[in-house]
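Protein chains in written order, with the numbering used here: chain A, 1 to 84; chain B, 1001 to 1084; chain C, 2001 to 2084; chain D, 3001 to 3376; chain E, 4001 to 4376; chain F, 5001 to 5376.
What the hints contain is simulated information worked out from the structure, not anything from laboratory work.
Please read all numbers here as calculations on a predicted model, not as lab measurements.
Be careful, since some hints might not be right.
[Unchecked claim] DSS-like cross-link-like pairs, simulated, lysine-lysine; straight-line CA separation at most 27 Å:
no., chain 1, residue 1, chain 2, residue 2
1, E, Lys4307, E, Lys4278
2, E, Lys4316, E, Lys4338
3, E, Lys4037, E, Lys4196
4, F, Lys5037, F, Lys5196
5, D, Lys3338, D, Lys3316
6, B, Lys1043, D, Lys3037
7, A, Lys43, E, Lys4037
8, E, Lys4210, B, Lys1043
9, E, Lys4037, F, Lys5210
10, F, Lys5037, D, Lys3207
11, C, Lys2043, F, Lys5037
12, E, Lys4196, E, Lys4038
13, E, Lys4038, F, Lys5207
14, E, Lys4037, D, Lys3038
15, E, Lys4037, E, Lys4338
Chain by chain, the residues:
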Amino acid sequence: MPSDVTSLLFDAANLMVIGMFVVFLFLATLIGAVNLIAWVNSKFPEVEVPVSRHQPSQSKSNIAISSGVVAAISAAIHQHRNNK
Amino acid sequence: MPSDVTSLLFDAANLMVIGMFVVFLFLATLIGAVNLIAWVNSKFPEVEVPVSRHQPSQSKSNIAISSGVVAAISAAIHQHRNNK
Amino acid sequence: MPSDVTSLLFDAANLMVIGMFVVFLFLATLIGAVNLIAWVNSKFPEVEVPVSRHQPSQSKSNIAISSGVVAAISAAIHQHRNNK
Amino acid sequence: MEKIQLLWDSTALAHFEPGQIVMMIVGALLLYLAIVKKFEPLLLLPIGFGAVLTNIPLAGFSDAGGLLYYIYHIGIETGVFPLLIFMGVGAMTDFSALIANPRMLLLGAAAQFGIFGTLFGAIALNFVPGFEFSMKDAAAIAIIGGADGPTAIFLASRLAPDLLGAIAVAAYSYMALVPIIQPPIMRLLTNEQERKIEMAQLRHVSKREKIIFPLAVLLMTILFLPSATPLIGMFCLGNLMKESGVVDRLSNTAQNELINVVTIFLGLAVGSKLSADKFLTLETLGILALGAIAFSVGTAAGVLMAKLLSRFSSQKINPLIGAAGVSAVPMAARVVNKVGLEANHHNFLLMHAMGPNVAGVLGSAVAAGILLALVA
Amino acid sequence: MEKIQLLWDSTALAHFEPGQIVMMIVGALLLYLAIVKKFEPLLLLPIGFGAVLTNIPLAGFSDAGGLLYYIYHIGIETGVFPLLIFMGVGAMTDFSALIANPRMLLLGAAAQFGIFGTLFGAIALNFVPGFEFSMKDAAAIAIIGGADGPTAIFLASRLAPDLLGAIAVAAYSYMALVPIIQPPIMRLLTNEQERKIEMAQLRHVSKREKIIFPLAVLLMTILFLPSATPLIGMFCLGNLMKESGVVDRLSNTAQNELINVVTIFLGLAVGSKLSADKFLTLETLGILALGAIAFSVGTAAGVLMAKLLSRFSSQKINPLIGAAGVSAVPMAARVVNKVGLEANHHNFLLMHAMGPNVAGVLGSAVAAGILLALVA
Amino acid sequence: MEKIQLLWDSTALAHFEPGQIVMMIVGALLLYLAIVKKFEPLLLLPIGFGAVLTNIPLAGFSDAGGLLYYIYHIGIETGVFPLLIFMGVGAMTDFSALIANPRMLLLGAAAQFGIFGTLFGAIALNFVPGFEFSMKDAAAIAIIGGADGPTAIFLASRLAPDLLGAIAVAAYSYMALVPIIQPPIMRLLTNEQERKIEMAQLRHVSKREKIIFPLAVLLMTILFLPSATPLIGMFCLGNLMKESGVVDRLSNTAQNELINVVTIFLGLAVGSKLSADKFLTLETLGILALGAIAFSVGTAAGVLMAKLLSRFSSQKINPLIGAAGVSAVPMAARVVNKVGLEANHHNFLLMHAMGPNVAGVLGSAVAAGILLALVA
Ligand code: NA
Ligand code: NA
Ligand code: NA
C-alpha cells in the first residue's frame, strides 16, 4: 500500500503543479482581458445618456434601431448551412 | 408530395375559417356576458361598505352568515346520490 | 359486521384513552420544562448587551471565542470511536 | 363539417357528468365563501378554484401530465407542502403568552378531546348502514378537531388520501365558522360570574426563553414522540429562525414569499381532490357531521378543563380561554376576547387566550403524531 | 505531460463545432438586444444566456444531469412554467377598460387572424422545397401571431418542442419590434381624419364587475373550449386573486417573486433549446418570415375590424386601437397612443387601447385552445 | 397494554443509537455557534437543525419518502441548489475594485495554493494508518481551502458525496473562524512597515466595464475551462443581471427571496448528511485538520504573493490584502481592514481588499473546474 500511496502522492504533486499553473495562467489572462476592456472603453467613451426619470427603462424598446435582428439571424443560418 | 401539400393546405384553410369563426363566436358571446353582468350589476347596486381601517379584512370572518355552508353541501350530496 | 364494528369500537375507545393520556402527559411534561427553563433563566440573568446599531448582527462573528469548535468535534469523534 | 363535429366533441357540453357539475357548484360555493363572506380566503379561494378546474371535462388537470396532478404529487403526496406551511406558521408564532403561563398547555391538551372523541364517534358511525370507516379513515377525520389546516392535510395525506378533499374543506370551513360554533357552547358551560373574571397581567418573557422554547419542544418530541417530529420539527425550525434573530432574512422569506407560494399550490392541490366520486359520497356527510362534533367537543373540553384548572389554581382563570385551546389561530382567541368583552367591558382576554391557542397547535400536532404512531 | 494533454482535451477549444459557435453568437446577439437595445430584456437576457450555456462543448448543461436539462424537463415539458407566468400576468392585468367597452373584444378577435392566416401560410410554405411543416408545426409557428410569450411557449411545448427555441425567440423579438412593425401598417390603412378621432371617456367599472369578469371568462371557456382552460384558467385565477382583494398577499407574490423566479428559469430553459441542430435550419428562416407576416396580418386585421366596427357604432371608434388587438401588452397600446398623438396632440388613446390589448391576450389563449383541440 | 407497548416502541428512547446522540450534540453545537456566537448563522443554523432532524430514530427524515431525502435528492444531488446560490451571490457581488486594479487577480490565484497544497496533504495523510483518501476524496477535501461554501458543496456532491457533510461543516466553520485564523499568519509574514503601507485610491469604473466583465469571464471559462462553466456561468448570470440594470426585478429576486429559500433547503440538506456513520469517522478528523491547514496555507500564499507583487510594482501594495485572496467574502476583507488599522490608524484597506476577495471567489471556482476536469 505505501507504494500505492507514493504513486498517488506523485499524482497529487503533479496535480498541484498543473493546477496552480492553470489557475495563474487563467487569471493572468483575465488581467489582460480586463486591461483590454478598459483600453477599448477609454477609446470609445460612454455617451452619458441622461436617463429620463419619467419613462420606465424596464420595458422600453429602442425604436431607432433597424430590424436588423432578423436579418442577422438569417445571415447566420445561411452561413451555417453553406458551411455544412 | 405537392398533392399532399394541397390536401394539407385545404385542411389549413378549413382550420382558418373554423378557427376565426370560433374565436369571434366566443368573444362575441363574452360581450353578451359582460353586458349581462353590467346590467345585473346596475339592477342590484353595490352597497358601498365603508371599510373600517381598523380591522384587517384578510382574516375577518363574517359572523352574520348562517352556517348554511354545510347544509348546502349536504343537500348537494343528497341530490347527487338520489340522481345516481 | 356489527361484531367487527364492536371490536373496532373497542380499539377506538382504547386509542381515545391512551391518546388523551399521552397528550396530557406530553404537555404536562412540557409545563415542567418551561418552568425549568424559566428557573434556570432567572438564575443566570441575561446580560443585556446593548446592541450597537452600527454593525449588522447578521454576519458578525464573535472573535473572542476560542476555536474550541474543532476541538469539541474531535473529542466527540474520539469518544464515539472508543465506545464502539 | 367533420371539424365542427370535432369541435363540438371537444366542447365540455357534450361530456359533462352530473357529478362534475355539482362539484363545480361546490367549488363556486367555496369561492363565494372566500370572496364574499371572507371565510379563510387564503385557503378557500385556491381550494375552490382547484375544485372547479379539476372537474372540467376533457381538460385533464388532475390526469397524469396535468398541472394539478404535478402539484398534488410533488407537494401533497410527499407531505412537503404542509410541512413548509408549518415552518412558515412557526416563523409567525409568538409563544410569549404560553411561556409566561405554561399551565395553559393543559387547556391545549384538553381541547384535543375533540380529536380523540371524534375518532370514537367516527367508528361508532359504522353502525349506521352505508358507513365503513377504517381506523385510518377515522383518525384522518378526527384530526379535523385539531382545527389546524396543515396538520389535517398532512395527516389525511398519510392515512386517507381519498378523504383528503372533504377533510380539508371541512377543517377550513369549520375554522371559518369558529365565531358561530364556539360562543353558544362557551355560554352554556359558564355562568356570568365566571365570564367576568379578569386575569392577572402576564410576566415579561426574555429573548433567551423564547429561543430555548422551540428547542425544548423539539427535544421532547424527539424523545417521546418521534412520529410527530416532521410537523413539530418544521414548526420549531420556523420559530427558532424567528426568535434567534440571527437569520432574519430566512425567517422573513419563510413567513412571506415561501408560505404564499406554497399556499397557492397547496390550495389548488387540495381542490384537485374534490372530484365527484371522492366527495359526493355518504362519507362526506359523515365527515361534515363529525367535524362539527369535533369542534364542539374540543371547545367544551377546553372550557371545562379551564374551570377545573381554575379551582386548583391560586390565580383565577377565566374559563372562556379554554375554548381557544382548539387552535384555529388567531380566530379562536379573538372569539374568546369578544365573548369576554360582552360579559365585562373592561376584560381584554386576547393575550391570555393566545397561550391556549398556540398550545392547541402543539397539542394537535402531538395528537397527529400519536395517531401516526398507533394507526398508520 | 499526460495531464496537460488531458487538460487540453478538457478545453473547449478542441471540441467546438461550428454550429455551436454560431449559436453562441446568436445568444450574444440576444444579450446585446436585451441589454443595449432593451428589447424585452426580462426574457431575452435569460434566453440569450441560456443559449450560450447550452452550446458550451463538454459542459453538458442540457444533457441528462445538467442544470438546463432539469429546468427544461421540470418546467417546460410539463407546461408548468408558462402557466405560472400566465397566473402572474393575470394578477397584473386590469380588465376595467375592456369591461367598460366590451365591444373591444371583437378587435381582439379580429387580430387573431394573424394566427390563423399564418397557419395557412406555414402550410403553403411547404410548396417551397426544403420546408416540410406538419400541421402541428404550422400551428405552433402560427401562434407567434398571438404576440403573447407564455401562450407561444406553452403551445409550442405541446405541439412542436423541436421548434420551441425558434418560436420563442421570434415571438419575443417581434414583440420588441412592435414599435417598428406596427406604425407603417397603421398609417397605411387609416387616413389622417380617422387617426384624429377622439373617443368618449370610459365609464367607471365597479369592483363587483371586475371580480365576476374572470369567473365569467372561465365559465365560458369551461363550457365551450375546455382545451383552453389550462391557459385561461390560470390567467383567471391570477386575475381573481387580484380583484377579489381578499388574498392580497398571494396576489402580490404571484405577480412578483413567483413570476420573477419562473421567468429566470423559463428564459434559461427556452435558451437551452437554441442548439445548432434545432435552430440553424431552413425552418427557422421560415419561422422568422412567418412571424413577421403574423404580426403584420394581425395588426392589419385589427385595424380593419376597428374601421368596420366604427361604421356600425353610434360612438366613434379610432381605428388605430385595433392594432392593439394583437396583445403584446402593454407595448402595442403604447404604440397606438404614440401614433394617435402624432395625428392629434390632444388625443390620448392609451386607456382605450388597453381594452383591445387585453382582449388580444384572451383571444390568443382562445386561439391556442382551438389549435390544441383540433390539431393536437 | 399492547398499545402502550406499541407506544413505547414508537418512542425514540427505545431506539437511540449512541452515534445518533453524538450527532445530535454536534447539531446542537452548530446551532449554538450559529445563534449565540453568530458563526455564519445563515448556513449553520439550518445545517445544525438538519443534523438534529436526520438523526432522530424512527422519524426517517432522510429515508426514502422523508422530507430531507427529497430536498437532498432534488437540490444537492442534482447540483441545482449550490448553483442557484452562486447565481444569487453573483447578483450581490460588485467587481468594481477588481476591475479598477486587475492585478489583484494574482492574489486570488496565489491563495488557491491553499487548495492544491491541501490536496497533496490529504493524499500524504494516507501514510497514516486508518486514512484511505482517494484522489476524488482529496480533491473534495482540498476545496475547503477555497473558503467558498457553495463551491465546496457543489464539488463535494460531485466527487465525494459521503464526505459532503464534514466538508461543508468544516468550510463554514473555518469561514466563521477567519478572524481568528488569519491575523497571526498575516502578522508573522509581514513587518510593521509593510502593514503600514497606504494604497492609492482606486479609479472610477464605468457601467459598461462592469457589464462586460462577467461576459469576459464567462467567455474565457468557456474557451479554456468548460468544466468550470456551471459554477462560473451561474455566477456571471447573476452578476450580469445586476450590472446590466435592465432586469432589476429578476436580479432582486435572485439575491433575496430565491437565495433565501434555497439557503434554507441547502442547509437542511447538508445537515441531513451529518449521520453518525458518515461523520463520526477518522476521516472527519483528517478533514478538520486539513481544512485548517488549507485556510492557513491559502492565507500565507496570498500574503507572500502580495509581497512579491509589491516588489515588481510601481505603486506600493500592502501585503495584508493578499490574505483576502482566500475568498470568505466579505469576512476576509474586513479582517484585512482591521489588521491594517491596528498598524496605521488612517489606513482603510477595505476597498483594496475587496479586489483580491472577489478574485478569490473566481479563483476557487476555477480551481474547482480544474479538479472536476482532471479528477472526476
Ligand atoms: Na389544535
Ligand atoms: Na394575442
Ligand atoms: Na477562494
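Exercise. Honestly, which of those hints from before does the structure not fit?
Worked result: 1, 3, 4, 12 and 14
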